[in-house]
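Chemist: The residues making up each chain are set out below.
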Amino acid sequence: MYMAKVIGSVVSTQKDPSLVGKKLMIVQPIDSNKNPIRSEEIAADSVNAGIGEYVLIVKGAGARKADAKNKDNNRVRDVNDCSIVGIIDRFDK
Amino acid sequence: MYMAKVIGSVVSTQKDPSLVGKKLMIVQPIDSNKNPIRSEEIAADSVNAGIGEYVLIVKGAGARKADAKNKDNNRVRDVNDCSIVGIIDRFDK
Amino acid sequence: MYMAKVIGSVVSTQKDPSLVGKKLMIVQPIDSNKNPIRSEEIAADSVNAGIGEYVLIVKGAGARKADAKNKDNNRVRDVNDCSIVGIIDRFDK
Amino acid sequence: MYMAKVIGSVVSTQKDPSLVGKKLMIVQPIDSNKNPIRSEEIAADSVNAGIGEYVLIVKGAGARKADAKNKDNNRVRDVNDCSIVGIIDRFDK
Amino acid sequence: MYMAKVIGSVVSTQKDPSLVGKKLMIVQPIDSNKNPIRSEEIAADSVNAGIGEYVLIVKGAGARKADAKNKDNNRVRDVNDCSIVGIIDRFDK
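Chains as they are written, first to last, in the UniProt record's numbering: chain A, 1 to 93; chain B, 1 to 93; chain C, 1 to 93; chain D, 1 to 93; chain E, 1 to 93.
Any given hint might turn out to be false.
No copy is singled out in the list; a pair is fine if it fits within one copy or between any two copies.
Said to hold, decoys possible - Restricting the straight-line Cα-Cα distance to at most 27 Å, the calculated cross-link-like pairs of lysine-lysine (DSS-like) are:
# : residue 1 : residue 2
1 : Lys93     : Lys22
2 : Lys93     : Lys23
3 : Lys34     : Lys23
4 : Lys34     : Lys93
5 : Lys22     : Lys5
6 : Lys5      : Lys23
7 : Lys5      : Lys93
8 : Lys5      : Lys34
Rather than coming from a laboratory, the hints here were simulated on the basis of the structure.
Use the sequences and the hints to build the structure in full.
Modeler: As structure tokens, this is what we get:
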């Protein structure tokens, strides 16, 4: 997982059916000092994160398991490979 | 997922059978200001994206689930690890 | 796997149910001379690593197998993609 | 997927049984202008690519599906995580 | 896959049960001129590689299939995501 800041979203009408209804947020990866690292990514939001919030990002197969309403995630066709899985309240160092 | 601009395509006659009939697009990853980041990739197009369009890219196992006509994607032998899964209409920031 | 130093933790109240009860540590990847490399990540702790300790990090599907109490890990919905799987006692070179 | 140029091969006698009989090519990733990007990788050749040819590379689980003779790839123990899956005839931009 | 040089090992007493008995080697990724690239990784040795030898490295799920004695690797809980799968005798360019 890594830390990121939500900085916006993208609008896409023509997309894979498995992405319909998902909020696709633009996230900027950060370090624990809130400084930007690497490049922006697009993450599907599963925790109602708002613009400006600091979040936890998961990539790969784990990202497809982030929809808690769906009990049997492995059987659902889902192209998503990046999800917001938590809102960071505090960095303890 | 990440953002990219479609800048061309590659022609390949001698290739894995699972890639036959797929449009293999050259995509340049971008940030939300449409500036290029990292290096170009080759992505299979599943949403009819044209040259110059901004798109969403998925990598890994998720990319093999992007063919919506195929209901049981996990059972199809498919080498693809990178797909265009959406056309970006707008960046909201 | 790679080497990292545990430098802190994050607190997240609103998060994926599969992350509840997990210690989410901020880890700084290092080389075998203990110099920092790349950027910080967030790893779920499965070996009771403390702040300042040098640890082994696993990413991807392997990270979801790090909970030894759970015998049938593949069937548990778990979004985690990064785990601390060992405490490094010594670097032999 | 990404583009690469085949620049050589490695000889390995002592190796995982699943790699025996595979041609292990040294490939240099390139962009669509044929300029080198990143560092060299080792890819198993599944399309009879020769030294100097431009090829398509797949990584991860997809690479293990590149052996077309094997119908039920998922059941074969195979450590390979990088395959040449196509020879690029032309870059259209 | 990529090329690396074995430069040491790490000792870890407190670790995931699936890593017990595995030799955890410090490897420095290299290019085909034996120059170092990127940062060091930790790889489980499955081919008895010694310090100073040039080896082939596999990452991800493929790394968990590198234990040839285990016929049904997919069913064994194993956190490892990086294995040495071959010793390089010669670079042909």
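Chemist: Could you run down the list of hints and mark each one as holding or not?
Modeler: Hint check:
Taking CA atoms no more than 27 Å apart as the test, lysine 93 paired with lysine 22 passes between copies only; the shortest distance there is 17 Å, against 34 Å inside one copy. Proximity of lysine 93 and lysine 23 under a CA criterion of 27 Å is satisfied inter-copy only: 14 Å between copies versus 31 Å inside one chain copy. Taking the shortest alpha-carbon separations for lysine 34 and lysine 23, both the intra-copy value of 23 Å and the inter-copy value of 20 Å come in at or below 27 Å. For the homomeric pair lysine 34 and lysine 93, the shortest alpha-carbon distances inside one copy (13 Å) and between copies (19 Å) are both at most 27 Å.
In this homomeric assembly, lysine 22 and lysine 5 come within 27 Å of each other (Cα to Cα) both inside a single copy, at 18 Å, and across copies, at 22 Å. Taking the shortest Cα distances, lysine 5 and lysine 23 sit within 27 Å of each other both inside one copy (15 Å) and across copies (21 Å). With identical chains, the CA atoms of lysine 5 and lysine 93 are at most 27 Å apart both within one copy (19 Å) and between copies (12 Å). Proximity of lysine 5 and lysine 34 under a CA criterion of 27 Å is satisfied in both settings, with 8 Å inside one chain copy and 19 Å between copies.
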